[in-house]
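Undergrad: Sequence:
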Amino acid sequence: MKCYLYVSLFREDKILIFATDSQTGKLQAQGEIKVSGSPANTAFDPGQQYIYVGRKGDRSISTYRRNSETGAMTLAGTVPVGLEPDYLATDRKGRFLFSTYIGEGRLAVHQIGGGGILQTPAVEWLTTYRGIHSIQTDPSNRFAFIPHIAGSDPNLILQFKFNEANGHLTPNTPDRVIPEKDAGPRLFCFHPNLDMLYFCNQEGSSVTAYKLDTTAGTLSAIQSISTLPDGYREKSKCADIQISPSGNFLYVNNRGHNSIACFSADVKNGRLTLIGRVPTEAEARSLCLDPEGNFLYVAGLASGLIASYRINQDTGELTGLKTYAAGNSPWHLVISRPVK
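Each residue of the sequence shown is one higher than the one before, starting from 841 at the first, in the working numbering.
Please keep in mind that the hints were generated in silico from the structure rather than gathered at the bench.
Computed from a prediction, not measured in an experiment: that's the story for all the values here.
Heads up, the beta-carbon is just placed ideally off N, CA and C, and yes, glycines get one too.
Any given hint might turn out to be false.
To be verified - Within a straight-line C-alpha distance of at most 20 Å, the following computed PhoX-like cross-link-like pairs (lysine-lysine) qualify:
hint, residue 1, residue 2
1, Lys842, Lys866
2, Lys866, Lys933
3, Lys874, Lys854
4, Lys1108, Lys1051
Claimed, not checked - Pair by pair, the computed Cβ-Cβ distance ranges are:
hint, residue 1, residue 2, range
5, Gly954, Thr864, 21 to 29 Å
6, Pro1011, Arg970, 12 to 20 Å
7, Lys874, Ala1005, 35 to 43 Å
8, Gly887, Leu1114, 34 to 42 Å
All chains, please: the whole structure from these sequences, using the hints.
TA: The following block contains the structure:
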């Protein structure tokens, strides 16, 4: 079954669709779909049947049915949320959709009904702090973590218990983790084989590895490592983070330094070691890995290009392959995977 890369174009009100070649990493344009209202972040349901699209300009979230054979998208429904949606993610069972609202410091939980359509009103609206960024549930679907970037409000990670039956979030004990000063945790990923999480720190230009207590649902930091060269003093911020399916390699993009920092992860304890850095597109906002972990794709918001890289499976090093035109505002990337 083919895999497809979806690219939201924030300023052009559309989503581009590319087929991916699993052997070469090449992208083949499959068309585009008009999505009004500034489409920004997107998310799949666990079964890859639906794509959820946050429409900032329209202050709404739309559900699109996805044709797994052709990659085509068909609008199924839209719900207003009254604010500009930022990050989107479903819980592990695909029963609820989380959405965050950075400027307002709020988070919504919508139940997902038949046909993947969001039910209204939301099951829950939580007010946390300005700078709220992303949210994911852990592999057990019992706990959720919510990082907040540094700024005028707290630099922290909130810890919640998640009820997968009704979608409610309850503060855990303790209810937060305080990172290093001004780290600004933004996005995170789970190690596929170890009880570990990795957060990219927007303001601190670093990655912090956290040990996950799977019983308590709490985090403890074990390591922080810079994504920038020693002595670099120019303005730069981390944007996105991805870990390979094997758990051996981790990648973070630097906006400003315009590079991808590459790390290897110890197979026993998950600690990171810097492999190196490779140049990438200007204002690289989003990156994603293909399902097999052989290729990395990066969206350059300022360049209007999607850059592709081959991953050396022995070393984790990246080799640049080709760039693809993607309008003037490629905002977010998601790539489908074969569903078993």
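Undergrad: Determine for every hint whether it applies to the structure shown.
TA: Verification of the hints:
1. Lys842 / Lys866: Holds, at about 12 Å.
2. Lys866 / Lys933: Violated - the C-alpha atoms of Lys933 and Lys866 are around 32 Å apart, more than 20 Å.
3. Lys874 / Lys854: holds (4 Å)
4. Lys1108 / Lys1051: Distance ~12 Å between Lys1108 and Lys1051 Cα, so the pair holds.
5. Gly954 / Thr864: 21 to 29 Å: violated (39 Å)
6. Pro1011 / Arg970: 12 to 20 Å: holds (18 Å)
7. Lys874 / Ala1005: 35 to 43 Å: holds (37 Å)
8. Gly887 / Leu1114: 34 to 42 Å: Holds, since Gly887 and Leu1114 (Cβ atoms, about 36 Å apart) stay within the stated range.
Comparing the model with each numbered hint stated earlier shows that hints 2 and 5 do not hold.
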